[in-house]
Structure formats: structure tokens, C-alpha cells
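Student: Protein chains in written order, with this note's numbering: chain S, 1 to 114; chain L, 1 to 120.
Since the hints were made in silico from the structure, they are not lab data. Each residue gets a CB set at the ideal place from its N, CA and C atoms; glycine is no exception. Mixed in with the good hints, there may be bad ones.
If the Cβ cut is set under 10 angstroms, some of the chain S residues that face chain L in the computed set are [stated by the list, open to error]:
| # | residue |
| --- | --- |
| 1 | Y36 |
| 2 | N41 |
| 3 | Q45 |
| 4 | E88 |
| 5 | F90 |
| 6 | I103 |
| 7 | G105 |
| 8 | K106 |
| 9 | T109 |
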Amino acid sequence: AQSVTQLDSHVSVSEGTPVLLRCNYSSSYSPSLFWYVQHPNKGLQLLLKYTSAATLVKGINGFEAEFKKSETSFHLTKPSAHMSDAAEYFCVVSEGQAGTALIFGKGTTLSVSS
Amino acid sequence: GAVVSQHPSWVICKSGTSVKIECRSLDFQATTMFWYRQFPKQSLMLMATSNEGSKATYEQGVEKDKFLINHASLTLSTLTVTSAHPEDSSFYICSARGVGGPRFSVNTIYFGEGSWLTVV
Numbered sequence: 001a002q003s004v005t006q007l008d009s010h011v012s013v014s015e016g017t018p019v020l021l022r023c024n025y026s027s028s029y030s031p032s033l034f035w036y037v038q039h040p041n042k043g044l045q046l047l048l049k050y051t052s053a054a055t056l057v058k059g060i061n062g063f064e065a066e067f068k069k070s071e072t073s074f075h076l077t078k079p080s081a082h083m084s085d086a087a088e089y090f091c092v093v094s095e096g097q098a099g100t101a102l103i104f105g106k107g108t109t110l111s112v113s114s
Numbered sequence: 001g002a003v004v005s006q007h008p009s010w011v012i013c014k015s016g017t018s019v020k021i022e023c024r025s026l027d028f029q030a031t032t033m034f035w036y037r038q039f040p041k042q043s044l045m046l047m048a049t050s051n052e053g054s055k056a057t058y059e060q061g062v063e064k065d066k067f068l069i070n071h072a073s074l075t076l077s078t079l080t081v082t083s084a085h086p087e088d089s090s091f092y093i094c095s096a097r098g099v100g101g102p103r104f105s106v107n108t109i110y111f112g113e114g115s116w117l118t119v120v
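Bound-form chain L, shown alone (with noise of 0.2 angstroms):
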């Protein structure tokens, strides 16, 4: 089936650095991405919405400048934390709706393995 790669699984880093997290939809097209985060054993927040060729839209609090998203191409998006603190550390999940490929169903969403981020 169709599916959606996250990369870096686990990344560490120091307070006020930048990472980047990549979002691939490996064997369908994707117009659009979305990102979520994930606090321990709390439920998955909407973070914003990623259109392929155009800018991101955000959810209601969430900083744009700080959680730069960039949907560059059908097959990939990526979310970077700018200026990271300890309360960034977070499960960040993406997924994606798929409109062309092999192997997806049409208005089923799939999801990446997500990404633990620790800010340290």
C-alpha cells in the first residue's frame, strides 16, 4: 500500500538550533500534507496544512515564523523548528492525501512513522 516516510525518526538537539523533519510520500503524489504534534499520551494537535506550491496554512496558535513548513514538491514536505527550546520537544507526525499513484485510495489519508524531537 501507499506509503508515507519520516525522516529523521529521533533527532536530538541543543536549545536555539534548527531541525529539519522530511516528509515523503514514497509511491503516490500528495498536493497536500499535514503536519501534527504529539504530546506523551495526549491526542495528535493539527499543526497546519501543507499545500504543494503555495504556503502552509497554520492552525490557530501556532507560530508560523517558528514551525516553518515547506511543500516543495508532490512528494515532499518538510517542517522546520527554528530556534528550538525544550518545550518544542514534542512526536511530530505527518500524512498526506494522495491523488496519483499506484497504489492509494482515493480520501484515505496515510500517515508517516513520525519523529520524537528532544531539545536539550
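This is chain S alone, in the form it adopts within the complex (with noise of 0.2 angstroms):
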């Protein structure tokens, strides 16, 4: 079975500062892997996505995201916050199959001060 670990479910940042939201995943095959960005009562946004292209995945607004599979891990980073970076950030996996549904990680709240 797939399933994805967030390891923290709190992370505090000062504007400017590097951003890491850290991310393991399961998976019985070769998964496909998501970053999504949730914002105070509003919809999903995708930030990005691997496929089993390249290992770094670039996204929008800056962030990343290395596919280390000796690690299973999947961390999004983000060399420098913003505030309006403060979100509900959401690791995702799909075993990538016609059909198969997006499981969920418990999410990590990102803070950024000033």
C-alpha cells in the first residue's frame, strides 16, 4: 500500500529564510509524487509533480523538490520565504496507474514572520 509521512506538522520560517517541508513516502511500484499548497478555506493548488522524469522537480513560486529513492524521500524546498507562503503544504502520492487516487499526507502548516 502507498502511503506519504510529513514529518513535521508545524514549520516556522522568517521571511527570506530557506523553506524545507520534509516528506517520505510508500510505495509498491513507481509512484508518482505531488506538493500542494492549501491556503485558509480555499481549494488545492499544485505546486509539482514527479513522474519519473527528472529528480528535481522545479514548481511554481519558487519551490522544488528533489525524488531521492535510496531515501524514499521527497522534500520540497524554497531557498527564500514570503509571507504569502504561509499555507497548508500537502505531500501527495499516486502509484501513477489510469484511475488510481491521490493519497494524502497529514500536511505541515508553514509560518513565515516578519
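Please dock the two separately framed chains into a single complex, following the hints provided.
Tutor: And the structure:
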């Protein structure tokens, strides 16, 4: 069975400092991995996705993530946090087969202080 | 890009009544749609997978008679919460996997904006 573990429920950073949100996954097959962001009372926005191409994936708003099969990790990073980055972030796994649903991690709340 | 629309965005209903939430893929065809619910400050929990023209597949613990899912066309799936109770109050989100359309990406799942249900 596939699953994701987000290692931190809450991360706090100062504006302008780097962001690291950690995610480990478990999958029986070659997974597709995603990071989604959710702002308060809003729907979900896709930040980036890994689907067996390049292991370093660049997304929107300066975020990127690196797929490391040996560590079963897919950590999300950003060099410099902005106040608008404060939100809930979800690491998501899919086994990539047609019709396979996305399985969500429990989420990490990112707080950004000025 | 591809868009998934949910309606209504907010709904309040009385306990014991039923409420229907629609999920539409606006510019692409979706043979598969997924329904999630999200409690405040929690993650999304998959409720069911909806396939066009066939019965939905429900996750363990989800009552299929309470949460009726219909996927009648390639662009529309509906979730009906029957005999709603206050504990059904939640944020319901649908998503769709595109298979045809001018502006979609294969292997990308598109999410609706979600529907807040409050049962009083």
C-alpha cells in the first residue's frame, strides 16, 4: 500500500530564510509524487509533481523538490520564504496507474514571520 | 489550464435533509473523479473513486448509502449526502483525472475549489 509521511506538522521560518518541508513515501511501485498547497478556506493548488522524469523538480513560486529513491524522500524546498507562502502543504503519492487516487499526507503548516 | 468547478461553494442544510454537491470538469473530459472530505486542520481523506458510467468505489469506512455518488457523464460527478447530520459537516473536495481536452496534462489531477457543508 502506498502512503506518505510528512515529518513535521508545523514549520516556522522568517521571511527571506530557506524553507524545508520533509516528506517520506512508501509505495509498492514507481510512484508519482506531488506537493500541493492550500491557503485558508481555499482549495488545493499544485506546486509541483514528479512522474519518473528528472529527479529534481521545479515548481511554481520558487519551490522545488528532489526525489531520492534510496531515501524514499521527496522534500520540498524554497531558497527564500515570502509572507505569502504561509499555508498548509500536502505531500501526495499516487502509483501513477490510470484511475489511481491521490493519497495525502497529514499536512505541514508553514508559518512565515517578518 | 484545466478547471474543475464545484457547486455550491457553501451550503447550510437542516439535519435530516439531503444535499447534492456537483463537480464539473469545465474544459476536459474526466473518466475518473475522486471525492475527498477534509475536517478543519486535518488532511484530505479519500472517500470514493467515481468512474463514468459505473458504480463508485468507496473507501473502507465510508457509507455508500449515505454518500451517494453519481458520475453520469464525462464532465459531471455528484455527491449527495443523504439524511445529513451535524457530524457530516465538513469540507468536501472533488478532483478529476483528465483524459481528453485542449488544455489538460496527462497524469495530473485537477482539484475543485471545495464545498463547505454545514448541517444544523
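Student: Work down the list of hints and note, for each, if the structure agrees.
Tutor: To see whether the hints hold, each was checked on the structure:
no., hint, verdict
1, Y36, "holds, 8 angstroms"
2, N41, "holds, 8 angstroms"
3, Q45, "holds, 8 angstroms"
4, E88, "holds, 8 angstroms"
5, F90, "holds, 6 angstroms"
6, I103, "holds, 7 angstroms"
7, G105, "holds, 6 angstroms"
8, K106, "holds, 5 angstroms"
9, T109, "holds, 8 angstroms"
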